[in-house]
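Could you slot chain B onto chain A? The hints should help.
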Amino acid sequence: MSFLAFLAERRAELFALLSQHVVLVLVATLVASAVGVPLGIRLARSPSLARPVLAAAGVAQTVPSLALFGLLIPLPFLGVGPRTAVVALVLYALLPILRNTVVGLQSVDPVLREAALGLGMTEAQRLRMVDLPLALPVVLAGLRIAVVLTVGTATIAAAVGAGGLGAYIFRGIATVDARLLLAGAIPAALLALLADGLLGRVERSPRPARAAAALVGGSVLLLSVAGAAAHRVHERPIVVGSKNFTEQLVLGELLAAHLEARGFPVERRLNLGGTALCHAAVRSGAIDVYVEYTGTALLDVLKRPPSSDPRGVLDEVRRGYEALGLVVGRPLGFDNSFALVVRPAAAAAGLRRISDLAERAATVRLGLFGEFLEREDGLPGLQRAYGLRFQTAPTEMDLGLLYEALRHDRVDVVVGSATDGLIAVHGLVVLEDDRRYFPPYEAVPVLNARRAAAEPGLGHAVDELAGRIDAAAMRRMNHAVDGEHRSPAAVAREFLAGP
Amino acid sequence: MTQSAPPTTAASLADVRKSYRSGSFALDGLSLECPEGRILVLLGTSGSGKTTALKLLNRLVTPDAGRVVVLGREATAWDPVELRRRVGWVVQEGALFPHLSVLDNVSLVPRLRGLPEPGCAERGRELLALVGLPPERFAGLRPLELSGGERQRVGVARALAGEPALLLMDEPFGALDPITRFGLRREFAAWQRRLQTSVVLVTHDVAEALQLGDLVAVMDRGRIVQSGPPAEIRERPEPAFVRPFLEAAGLL
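Taken in order, these protein sequences are the chains called A and B.
Following my numbering, the numbering of the first sequence begins with 1 at its first residue and continues without gaps.
Following my numbering, the numbering of the second sequence begins with 1 at its first residue and continues without gaps.
It is worth saying that the hints were derived from the structure and are not from the lab.
All values derive from a computational prediction rather than experimental measurement.
Here are the simulated distance ranges between beta carbons:
id: 1; chain 1: A; residue 1: 111; chain 2: B; residue 2: 79; range: 20 to 28 Å
id: 2; chain 1: A; residue 1: 201; chain 2: B; residue 2: 221; range: 51 to 59 Å
id: 3; chain 1: A; residue 1: 209; chain 2: B; residue 2: 19; range: 37 to 45 Å
id: 4; chain 1: A; residue 1: 48; chain 2: B; residue 2: 19; range: 22 to 30 Å
id: 5; chain 1: B; residue 1: 147; chain 2: A; residue 2: 51; range: 35 to 43 Å
id: 6; chain 1: A; residue 1: 114; chain 2: B; residue 2: 113; range: 15 to 23 Å
id: 7; chain 1: B; residue 1: 64; chain 2: A; residue 2: 49; range: 27 to 35 Å
id: 8; chain 1: A; residue 1: 51; chain 2: B; residue 2: 231; range: 56 to 64 Å
id: 9; chain 1: A; residue 1: 209; chain 2: B; residue 2: 244; range: 52 to 60 Å
Facing chain B, from chain A, some residues (calculated, C-beta under 8 Å):
id: 10; residue: 111
id: 11; residue: 112
id: 12; residue: 114
id: 13; residue: 119
id: 14; residue: 122
id: 15; residue: 125
id: 16; residue: 130
id: 17; residue: 133
Some chain B residues flagged as far from chain A (calculated, every beta-carbon gap over 12 Å):
id: 18; residue: 33
id: 19; residue: 45
id: 20; residue: 66
id: 21; residue: 67
id: 22; residue: 150
id: 23; residue: 221
id: 24; residue: 235
id: 25; residue: 250
Beta carbons are placed, not taken as given, at the ideal position from N, Cα and C, and that holds for glycine.
So that you can see chain B by itself, here it is in the shape it has in the complex:
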């Protein structure tokens, strides 16, 4: 038997550096790991480098130095298009294509992967149903006809339609009112448990990180300040940055 055991790590960064033209470091020796089937949350203020870290995982950003491994392979060994079709991508505020119907947005990735046509729409409908948007009502609508929460749901459905082994989410519940956000988060946790998808999620919302994360990595200025299970972060916060961060969010 030469078949290797399934990788237990869905994605990892090892000592990754990335600087932008201004000379400032977006990432300054960043290392992290997302175990398979779990949710890793990158928590940080804006400018902490968390979105840059996320984009390394689907090659929207190329590192200056360090190793990026995704789904058992070096990121540089992947064809970027192939990689992105296997890794789901949820963008802030949905980033839905305004000229396509809700259903066409959701069926986009299966279609890009060349799945047979009736199957793509079928898959799109299933996912709309999964994220709580009855397809008979929502399939034909345009993104502009949806509420903010509905748009976020479509964004998640679009990312899940390609049956990704890894899901990357950039502030997926960002622009929502607190009640909608809380409910959607709970629903999302349930979908994730059902599908057992590995997730890397970026947020600046401390409560969201502690609610959703199996692991939470707190970032500041391109480095990990503290990482561990939410309970550990909550009980023994790193004093210089994490504690004030939690306090400011009213969680201590």
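If we strip away everything but chain A, and leave its shape as in the complex, we get:
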């Protein structure tokens, strides 16, 4: 299938993501301008104040976006969704607007400024009639930088469930699908070029103030139309969430499609950036349901010691979650424990069990995702349980890239999951956990208890999926997405339709 046909097939979704992206950019840059320009005017008058404020704005811009999300999500009113994304984008857009306003005003010819007073202008008249018009080209240049920058950074909004073109990019990385990645990246790049060209024309126009005002007016109008349209169709749907890897995307789509089949209006907020995010979201009610793994719930969320008894872990999680205002549904049918995965050649050379690693630890290069370094059942415990002493520091990378690195001999062992489709696709080998180190990771739906109580039939509908997905089925579905580059939604629909 050609790339264009691929896009054509997804045009409705692509348009929706593009619209979300544009709205994010417009709201963020309008807010940043509404804050940055007046603040810049104030700072231009007192250079001693300007320096620390500009420095602070500069520091805000250097905070990595995911770290910023981590800081913002626990705050009241923000949580998971567009609000957090907008706050982060505003913080990033503020610096160029603020700095250019200050610099633009400070570089107005002092002779002209004195002449303005000498002719009888008040300070306010001078600001309006001389300072701002003369600083306008520089202010507009700052706005232009901010808008183009925001079009790019808005792709990270998808990590907090705010949608936008980043959703395709993240999904593309998670499923190792270059077409999806490009379907997000190319429109984002085109959008940036369009915004740059448009604002460049405003800058060069003979009446830049009027052109800028028209542009702001147009943006506000567009946003209010979009807002009104969104408001009309608003009906509180069941919000299904998921983490940001293939299996979670499939399970999210599966839950969503199943609930839709049972007549619930559903909104998808898939691809959220990790366990902590999903947990915070389901507790706050930003999402209503997502699939968690019992081991993750026990160790990461509840911070209890590991255990290798599946039944006991499930009961403990269920009780612990009840206290947090969450309902744990019945297991879906598969256990997605951690897996240490190697190339077939290594297995042929005798590396079959994790304990076989001990004698090879001096030369082995380990690839893993960052979370595994910090987990209670992660690397430190694994090293203790098997007496492993790796000489080379493990390489951290995105989940979606681990198997690529393994296949291309960049690393020798990767930490993956038992149901990873790519294991089957590439004929890779899972090392046997011969000392039973990893706890059970049964997939279970987690629901917000208030929403479950308020929506009769929701809990029952979710539990209809109990026991229906075994490890083989899950691996097949993961393979369909990772290996055959099919969309998680299509794979989920096909599974629900049954054999």
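Chain B in isolation, oriented as in the chain A frame:
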């Protein structure tokens, strides 16, 4: 009849001192007077304090000590904005606002004074015509499209548009070639005679001072060295500073 007679002095400084942060005196006990309807020229080298003296008269500079009287009132008694709208201000090289048309530059002061709109533009056109710039050709141009001489003319027109009782001019013909400068000076003298505006003009050009001034005050290091009608300056120059100054300009 309690109405006082019109002041015969348009502006005066009495024993004014002003020092800048460096500690040097810009003005060191300066006294001078501009009679109504006349041109007072402050002549001096750069750094003599003549521009500072001029800015005292529209309160762009505040004195450390001494009295400043403008249009019959202590400068400190004027609201600065009100004062500046009554006193015309011509800046070196015009200092025109580059984002405004020629006409909008000239109509600015009437507009600031809140005159009704069609009147402001009308007044602007009249003044463009007065300074020799046909409004039908020049009104819509931007300052950057003008020659240096045309810019100076617009600067003068802008200052005169507010019908000022006193006109302050800082090197108004400074950055021009000698021929343009000479012609513009003659024209300016004619406008002044017609309008009978009181003028304080600052220059470092000896010939300009002697050509235009009804009174000339020669300044050096914040003080008046000699003052009087041009003929007196020319015939009996103060020997230590004024004579060499005139000689250097080739006028003795």
